[in-house]
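Asks: Heads up: the protein sequence lines correspond to chains A and B, in order.
Each residue of the first sequence is one higher than the one before, counting from 1 in our numbering.
Each residue of the second sequence is one higher than the one before, counting from 1001 in our numbering.
Bear in mind the hints are in silico, worked out from the structure with no lab data behind them.
Just so it is clear, CB atoms sit at the ideal spot from N, CA and C, and this is done for glycine as well.
Among the hints, a few may not be true.
[Unchecked claim] Below 35 Å or equal to it, Euclidean Cα-Cα: the simulated DSBU-like pairs (lysine-lysine) are: (1) B:Lys1002 to A:Lys207; (2) A:Lys302 to A:Lys207; (3) A:Lys180 to B:Lys1030; (4) B:Lys1002 to A:Lys26; (5) B:Lys1065 to A:Lys180.
[Said to hold, decoys possible] Residues from chain B that keep clear of chain A, each with C-beta distances beyond 10 Å, as calculated: (6) Asn1124; (7) Arg1130; (8) Gln1146.
[To be verified] Label pairs and their in silico Cβ distance ranges: (9) A:Val59 to B:Leu1096: 36 to 46 Å; (10) B:Leu1096 to A:Gly66: 44 to 54 Å; (11) A:Val312 to B:Leu1075: 53 to 63 Å; (12) A:Pro262 to B:Asn1116: 51 to 61 Å; (13) B:His1089 to A:Phe156: 28 to 38 Å; (14) A:Ala353 to B:Gln1121: 36 to 46 Å; (15) B:Arg1003 to A:Val312: 45 to 55 Å.
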Amino acid sequence: MALTLLIICHFFTGYGLLRLLRIDHKPLVILPLAFLAGIAVDSLLPFLLQLCHCPLYPVTVFGSMGLVSLLLNTGWLRPVRADRGTTRPSQTLKSILSPIRIRSYELPFLLLLSFLIFVSVWRCYYLPPTSRDALSGPEAIAEYAVREHTIANSFFTVDLSTTNNQFKSPFLIGLQVIYKMAGFPFGQVWLSIVFVSFTCLLYQLLKLTLHPILAGLLLLLMTMAPELYAYSFMILYDYSNMVFFFLGIYFLFRSDGKDGAPGEFFFAALLMGVSTYIRSETLVLAAFFLPLIVRKDWRNKKPLGKMVRRCVLFLLPSLAAYFLTTWLYINYYLPVRYDISSLTNPHLLQLSALYHVYVNMVTELVTSAWSLNLWGYFIFLWAAVFLADVLVNRRLSRPARDWLYAVGVVFFGLGLLSHIFPLMEVGLTIKRGFFKILPSMLLSMANSRLLIMLSTRMTRWEEGLVVRSGG
Amino acid sequence: MKRLLLTIISTSTVLLLVAFGKYREWFLDKPLDYWYGFCAEVRHPGSPEEVRRIRYGLPYTLSRKIQEAAKAGQLHDPVFLFEPNSFYHDSLHIDLRMPEPALFYYYTGLQGVWMNSPTVQKANYLVVIRKGEVKIEHIQTPRQLQEILTRYRSFTPTL
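One chain only, chain B, in its complex shape (with noise of 0.2 Å):
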């Protein structure tokens, strides 16, 4: 008898715990949503790389659409630029960033660099992203490669 008054003691203060004030708040939006996303998985569950896409986002799939493009325009040892995450920011008003180069690499194996990277004359591509759609050009000349930096000098690279 003293067993099971303790059993309903130690129940009331689980349900208590989950169901009021901040743990309830927590319980909701963590546990409760993975538990909810774990039986929708188990309904239909997804590749490695389409765990990979849901985890790692928008700079993910558009490393991966660069990595593409650059297979199928077989482009040799490309070392590509991107455009600073202040210029989508502040210039087009879109909530787009672009992995720093260590995550670039970890993404794709291929090599990047930003606007204010040691190594930046090293870049041969520029990547160039504008509704979605990636586009790859070619920095041919040093000189060219200086005409974009210019162009690209008030916006300050940024995580």
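Isolated chain A (complex conformation) (with noise of 0.2 Å):
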């Protein structure tokens, strides 16, 4: 009943967020997607809650829930340009929720992907791996939180002289304190439903472009990918990260192509925004995206203004979430100090330890044996692809180099964040980060002419018969 109602809470939040931002896409996607953007708002309340210095009680997280979903669902936050017409109107509830059709060649690939999917979700709700990242901070607090009624509770009186993990991001505290509330007790079944909704998100965007076939193979790749599938189940940052930073990075290409809506942009920088309230570095490879605007926006002759506006507006909720999360949270909110200056490398210019790190992470993360540990063979398939949609076509699609730019973001990102943050080690914090890598390198190759082509193929072929039989 509990877990009934929240998801009906996250649902209606975001789906409210959706029409407000007036985002437009395929019934199946948008539902998925109102989903995850009710979870990103729903976590932010407990901390917004401590903010305003009030206590962390039902009434108080579940009110603001239930507060917040109803605002955003009123016509009082309508933008006054929607009567206008002058995009398409958003989904309406009935259209998302019409029946679903499967073909019989989707199933296999469905079969599968339900059975990881449910033994995911019974891991998650039942039998809950915690790694020491998670139990020496975020958890902790959260569970203290829950008893104490406030996120600066008793667990600042221990010594914590042997881990930092308190200062991270209060995006975990906040859901773990909403799902404790309801009655889980290792809460964490929201990472669920961000797992099944990305899932399913997914499966629906590689349809667009490729034949059902070609896009359950792909999905199925990178879920089986075991590093990632753990952390299906497993709470910590780097999976949500990952996903909201996925989900930004294809709301900005979306906003610059044909499909393109205007609040689509800045629903890009929201998303953005939550992917850096989740890791704060993320602003870093945020920024690594504002080359990509100036150009589309030289190309379509933008005046200077409207570029740096642009710029700016992209950039402004994941300074904010920046802002919140280092500054505001650190600094002002817990009780304990943290000097951030003290964990950068001081020798930022030797460019030569810079180059290590990304043979490193070339070594390590993607040729070693290790690497297929890690990710199975989906970065390979993701560079056969790669070459084969080069060698073949000599050119790449406008999408498939978007997707390829995101792809090199992450990469040089990361190496340049573990340079920086000497305590990202390779192995560990930049091995997680890679998760935001897989999702660019899949629509990259839902993108790959090559593919298209293929799907194109036996799209036609198939169809052929149905036209055929159907006379």
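Could you use the hints to bring the two separately framed chains together as a complex?
Replies: See the structure below:
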């Protein structure tokens, strides 16, 4: 019962936000997107309540969730432009909940995916593996926040000299507080909602360009990346960070395409902000997309003022999230202090060290035998598709180039971050940061000319039979 | 007919994927093993406390034992001092890891310190673990605490 209410609340919060920003997409994309957007909004609420000195009781936490959901779904926050018909209307609730059509050849992939999802959800709900990073920080803080009604609780009276996990983003704390208050002793069921929604969303996005068999196969290969799968039921920041980072890029690229709506650019910026809220260093990766925005605006001959405004607008939510989580939360909310400057590399200009970071990333995370235990054959498959695309077609499609840029941003951005913050070790933090590269590779493959050509042939061949048998 | 053919192709692809190579290894070790775990748990579901014991392992069980001992001994405001993990490993040659103070607090709600903690002076009980048994020794004077710290000085506290 509690879970059903939470799910409904997440959905309506997210759906309200999507309508507010007039996000238009396939119904089966809007549905999971609403859940993800809802979870993102709700994750902020316990933290914001605390910043307003409001104690965390079920009535305040669930009350604020209900209120936000209600506000987002009333006419009060509807943008004035909505009635002018300048953009297409967002999906109606009825169309989102319309029946789903599945073809018989999709079933094997969907069945295996469902099995993997079921096992993940069960582990997440019943036997949750919890990393030390979560237990010695956000999980413990959330546990005592539920008992003592505040995030700045007695956990901070303990000797914390062996850990710095108490300074990590309040994203996990917020969601753990909500789910523990709802009666789940381990919380973390929200992670299953994120996992299921993201998997469904990716499948629908892949099917936009690829034949369902190819879409199913590629999605399965990504889901079966062992390390990524493990984090679908083990709470930490990286899986959620990957999801919102990917969505941010997706809507950034989409906002400039023919299907783009004006609200999508701001939605992309918001999603990137959520991703930065989850892991503050994502701000650096977000900034790497500014050249892409400038390049596209330059091509579209947009005035300089608008170009600057768009860059600022894109980075603003991420800057706000960074400000909230690292400056306000750590320096002024938490009862203990943390000096981030002591963690930075004093020899930033030693470029040979940076080069070695990149070499280590390739040798440890991509080409080593260990990398197979992390990602399966997914990265090799992407490399093969990319090479084949370049060799056969000589040219990448525009969306494929965009996604290649995203892959590059994650790879070079993470290397740079590891150089700036030596505590971000290649085998640990950077390995988990690599999650962000996988969905970008997936969408890069979804826009491969070679795979699209293959998909078109498969569809034509298949439809030929349908037409004949129908006639 | 073509749809049937495509269904056969997709079924074969899925079967091949989980039947060979790295994916087979992973599939048997992880999802399938979790599935068997699920089937066993459905037959005999455990309480949240049992699940915690399975999940967090020996450090959790020991922490709970310390908590029970503290309750039984009616200790007032105890701050437990733990022997270094390297002592168990290097001197007693046992694979035992006491949780760090933050984890100990999460498990029990009680305060603990390590030998090198900045707040080690607050310690008033020493936790000694021998042959699976938890013993709690009262530290009555700062001098006694100093002697304990000296005794374990050669063992660096590690996670």
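Asks: None of the hints should be skipped; say for each whether it holds.
Replies: Here is what the structure says about each hint:
no.: 1; hint: B:Lys1002 to A:Lys207; in the structure: holds, 19 Å
no.: 2; hint: A:Lys302 to A:Lys207; in the structure: holds, 33 Å
no.: 3; hint: A:Lys180 to B:Lys1030; in the structure: holds, 27 Å
no.: 4; hint: B:Lys1002 to A:Lys26; in the structure: holds, 27 Å
no.: 5; hint: B:Lys1065 to A:Lys180; in the structure: holds, 25 Å
no.: 6; hint: Asn1124; in the structure: holds, 14 Å
no.: 7; hint: Arg1130; in the structure: holds, 24 Å
no.: 8; hint: Gln1146; in the structure: holds, 18 Å
no.: 9; hint: A:Val59 to B:Leu1096: 36 to 46 Å; in the structure: holds, 44 Å
no.: 10; hint: B:Leu1096 to A:Gly66: 44 to 54 Å; in the structure: holds, 48 Å
no.: 11; hint: A:Val312 to B:Leu1075: 53 to 63 Å; in the structure: holds, 58 Å
no.: 12; hint: A:Pro262 to B:Asn1116: 51 to 61 Å; in the structure: holds, 58 Å
no.: 13; hint: B:His1089 to A:Phe156: 28 to 38 Å; in the structure: holds, 30 Å
no.: 14; hint: A:Ala353 to B:Gln1121: 36 to 46 Å; in the structure: holds, 40 Å
no.: 15; hint: B:Arg1003 to A:Val312: 45 to 55 Å; in the structure: holds, 51 Å
Figure legend: structure checked against the earlier numbered hints; every hint is met.
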